[in-house]
Structure formats: C-alpha cells, structure tokens
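Spelled out, the chains give:
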Amino acid sequence: MTDTTITREAIQERVFAALVEFGADEDAIGPRATWEELDVDSLDLVEFAQIIEDEYGVELREADIEQMTTVDDAVTMVTARIA
Amino acid sequence: MSDRVAITGLGAVSPLGVGADALIDRWCAGEVAIADGVAACSDFEPGEWLTVKQRRRADRFTQLALVAAVEALEQAGWSSGLPVEAERIGCIVGTGVGGIGTIEDQHDILRDRGAGALSPLAVPLMMANAASGVVAIEHGLKGECYGTVSACAAGAHAVGAGMRLVRQGVVDACVVGGSEAGITPLASNCFVGMGATSKTGISRPFDARRDGFVLGEGAGMLVLEGESTARARDASVLGWIDGYAATADAHHLTAPDPEGDGSARAIAAAIADAGWRASDIDYVNAHGTSTPLNDRSETLALKRALGPVAHEVPVSSTKSAIGHLLGAAGAVEAVATVAALQRRLAPPTLSYGEPDPELDLDYVAGGPREIVRRDGSPRAISNSFGFGGHNAVLCISGAS
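Same order as they appear, the protein sequences are chains A and B. Okay, so the first sequence: first residue is 1 according to the numbering used here, each after it adds one. Okay, so the second sequence: first residue is 84 according to the numbering used here, each after it adds one.
Only chain A is shown next, with the shape it has when bound in the complex:
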C-alpha cells in the first residue's frame, strides 16, 4: 500500500465535487446519474476535462468525453487513464 495511489473512490469524490461546482442537484448526484439528468452540458464537460488535467495530469480528448454519458462512465474513464 502506498500513499500515492489514486483510488477509484477518490476519483469519484472529485467527480462528485466537480458536479456540485457546476451546479448539479446534489441529491441527484450518484454513479448512475446521466449528464442529462444532472443538467451537465458540453460547456461543463470542457471544464470537467480541465479539472481532470489539473488534478491528475491526464488529458481527456473530445472522443473520450463523447463516450461518457453517466458519472460512472467518467469515473471509469479517468481511473483507466491514470492507471
């Protein structure tokens, strides 16, 4: 066990926090929630990619972003890219 490991849980927490910053309804935020349900649009997703790059040094491309439709999709994508 190392302190530098970034867990999936930690990434999920960061994604949840980003969604709160975007103004999504906190009660609606969960792994299965879709962007549509959370009122997250393309402008939010550009900012989401900036946050992930700042936080984890991982660049999400347009094609990556297009593949995500749920919170879990995003967490899985970021987790896989960091690994």
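Treat the hints with care, as some may be off.
The list that follows gives simulated cross-link-like pairs (lysine to any residue, SDA-like), each with its CA atoms no further than 20 Å apart [stated by the list, open to error]:
1) B:136 with A:43
2) B:136 with A:64
3) B:136 with A:15
4) B:136 with A:37
5) B:136 with A:34
6) B:136 with A:59
7) B:136 with A:77
8) B:136 with A:21
9) B:136 with A:17
10) B:136 with A:38
11) B:136 with A:26
12) B:136 with A:20
13) B:136 with A:42
14) B:136 with A:9
15) B:136 with A:8
16) B:136 with A:33
17) B:136 with A:28
18) B:136 with A:41
19) B:136 with A:14
20) B:136 with A:39
21) B:136 with A:45
22) B:136 with A:67
23) B:136 with A:49
24) B:136 with A:79
25) B:136 with A:46
26) B:136 with A:16
27) B:136 with A:36
28) B:136 with A:5
Calculated from the structure, these hints are not laboratory results.
Based on these hints, arrange chain B on the given structure of chain A.
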C-alpha cells in the same frame, strides 16, 4: 393602426438596493448610495437570487439583469406563464461594456496559467449580448432578441427599440432594459485615467462644484406590452412609453456637442413622436452626469428643445443618488421615472447646493416635489447620452 405601448412591469437592482421601490423611495428620501467614490450594488447577494448554475453561467452584469427581469415579469403577472405566444415576445437589453469582469479575470488566467486554463464559459459570459440572451432563455422569450451597445445611452436605446417593436406590431410584448457591472479594476481605472470620474467622489449634477461622474453598477428592466395585449388580459398598467427618438452628435468621441445640438434634436423628436407639446411635460429625468460638459450642454439642449417651458419644468438627475450606471443608466432611470410618475413626484437632485450661473433651470434642490397635473396623467421625458455622441430620449406617461 399602431398600438400604444404600456408598461406593465418594473424591475431594478441599483446601488440603493434590490427592487424598483428601493430605488425610487430611497432616492426621494434623499439617500445617496455612494461609498468610497463608487456606487456599488452592495446589497445584492447573487446567491440569494440565483442558483449555482445561473451564477456560474452569467457575468455580474447578466446576473443583475436576471434579477431585475424576475421582478419586472412578476409585477407584470407573467410568473405563472407568458401572456401571449413566446414567439411574439421580444427581449432587448443594453450595456456599455458587457462582461468586463470576466474579460479581466480571464486575462489574468491567460497571463498566469496559459491559454489551456481559460474557461469554456469565458466567451458566453463576456459577450455584450449575454444579458438579453440569458433573460430570453430564462423566461422562454422567443421573439426578436439582442443587445444594444451605445455606452451610456444603451439602456434608453433598448427601451426605445423595444417600444418600436411593440408599437409597430412586430411583437406583442417586449422585455427591455439595461445592465452594467463595470466597477472592476481595469474599467474603473480607465475612467479615472481619462479624467471622466469625480475626484471628490461626489455626484452633484448641475452644481457649480461638479467635477465628474461617480461610477455605478446595476440593472433596470421593464415589461412593455401593446395596449390591446395588456387590456385583453386586464393587466395593471403602470405607465406608457409614448415617444422615443435617438440622434447622433457626430461631433466628438467623448465630448457632447457644446451647443447641445444632437441632444436637443433627440428631445424635440421624441416629443413630436409622442404627439406632445413642450408645455405637456411635467418632469425631466435628466442624463445629468455631474460632469462639467454634460450638464452644461444638456441644460442648453433642454432650452433649445423646450423653449421657455424649460425654465418651468422640474429637472433632476437619478445619478445624484446612484452615480452613473453607464449602459444600465437609461433603463434604470426609465424605471425611476415611471415610479416617480406613479407617485406623482419629481425626485430631487441630491447634493445640489451651489448653483452654476450658466445652468439656470429648476434642478429640484432639497426634496421631492409634487407633480400636479390638472388634465390627464403626468408626463416626463428621460434623457440618455453616451460617449460616441449617442442621444436617446424617452417620453413616459404615468398611469391615469
């Protein structure tokens, strides 16, 4: 036949507080909302009025417009639904500089962190048409929609443009106004640098000691409806926009025509548009910036346009209470004028105490003056003039 244009809703966020009533009542009570040389909307807490998403997606100038628009639409009775088809409702909102706060913030980010860190929201926040677009989105207004940009005349141009759309039957109703949030490091220092703002930090229009304007911020919004639309739904009519005209000085980038030619032509044309005579006017809501040049040329313009009547009609400046709201000024002052006529009061020019021998009109020193009209409803004009030589004048009648 053209429809008379009714005002059915008023909204304002001004340095005197949130709400059109705060604006007119505090002004008439003699309150000056200037501190440390600026007139900020310090009572306005965006979080009290707007969701996180609304705040994130709106520069302060758009936030101010959103809150003023909600007040105006509520008063018009539109909260539970639009009175006509959404496609028949326009939205026109003026601004002087638009999202200047966003521009400054993003420039800091570009310099400090590089282009990759710029916000994807930067452009939609900074664009000068954002307030009109966002208000239309918020309320689902689908008719003609755009922003007006004419410096300190922008708010009056927006009201005038919307009035024409309604009068000509292009739309049945139009949400109009102006908004500004330019008390930012760059904007305020640029005004200081050009010598336009008051060194004493006092807004005293028409006074001999006036030394420049005091920078303010805020928004004013009005709901305009054709008389037939308003009557059909039995709406409460607060007043009327009965005339509008706009001209250009074609003289100088910032200085008004020293003889007040362009502004006099705008006043005369607006009165003609309303079908009024000079003697019909009960109150002049002046542009009255507290700059040496404006107040002199505006006084001359009033004399040229109104003739001897100019000496009989009370003339006062909202800017004595709330400073200069730039592109919001014309709209906030139109709101104040409607509210003043509702109360049958000519509000005072605050801080006025030392007459300028050249400026010899009745500037309503001291306190508000009662407007007494024997026949019909009281009538006022509201003047707005902007850098670039823009002149826009509105003729406003009170409800009878």
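The hints, checked one at a time:
1. B:136 with A:43: OK: residue 136 of chain B and residue 43 of chain A at ~12 Å, within 20 Å.
2. B:136 with A:64: violated, 24 Å
3. B:136 with A:15: The given pair, whose Cα atoms are some 17 Å apart, holds under the 20 Å limit.
4. B:136 with A:37: Answer holds: residue 136 of chain B to residue 37 of chain A is near 14 Å, not above 20 Å.
5. B:136 with A:34: holds, 17 Å
6. B:136 with A:59: violated, 25 Å
7. B:136 with A:77: violated, 25 Å
8. B:136 with A:21: holds, 8 Å
9. B:136 with A:17: holds, 14 Å
10. B:136 with A:38: holds, 11 Å
11. B:136 with A:26: The given pair, whose Cα atoms are some 12 Å apart, holds under the 20 Å limit.
12. B:136 with A:20: Holds - the C-alpha atoms of residue 20 of chain A and residue 136 of chain B are around 9 Å apart, at most 20 Å.
13. B:136 with A:42: Holds, at roughly 14 Å.
14. B:136 with A:9: violated, 26 Å
15. B:136 with A:8: violated, 27 Å
16. B:136 with A:33: holds, 18 Å
17. B:136 with A:28: The hint holds at about 15 Å.
18. B:136 with A:41: This hinted pair holds, its Cα atoms lying about 11 Å apart.
19. B:136 with A:14: At roughly 18 Å apart (the allowed maximum being 20 Å), residue 14 of chain A and residue 136 of chain B satisfy the hint.
20. B:136 with A:39: Judged against 20 Å, a Cα distance of about 9 Å means the pair holds.
21. B:136 with A:45: holds, 14 Å
22. B:136 with A:67: violated, 24 Å
23. B:136 with A:49: Roughly 18 Å between the alpha carbons, so the hint for residue 136 of chain B and residue 49 of chain A holds.
24. B:136 with A:79: The hint is violated at about 27 Å.
25. B:136 with A:46: The hint holds at about 15 Å.
26. B:136 with A:16: Distance of about 15 Å is within 20 Å: holds.
27. B:136 with A:36: holds, 14 Å
28. B:136 with A:5: This hinted pair is violated, its Cα atoms lying about 33 Å apart.
Going through the hint list in order, the structure does not satisfy hints 2, 6, 7, 14, 15, 22, 24, 28.
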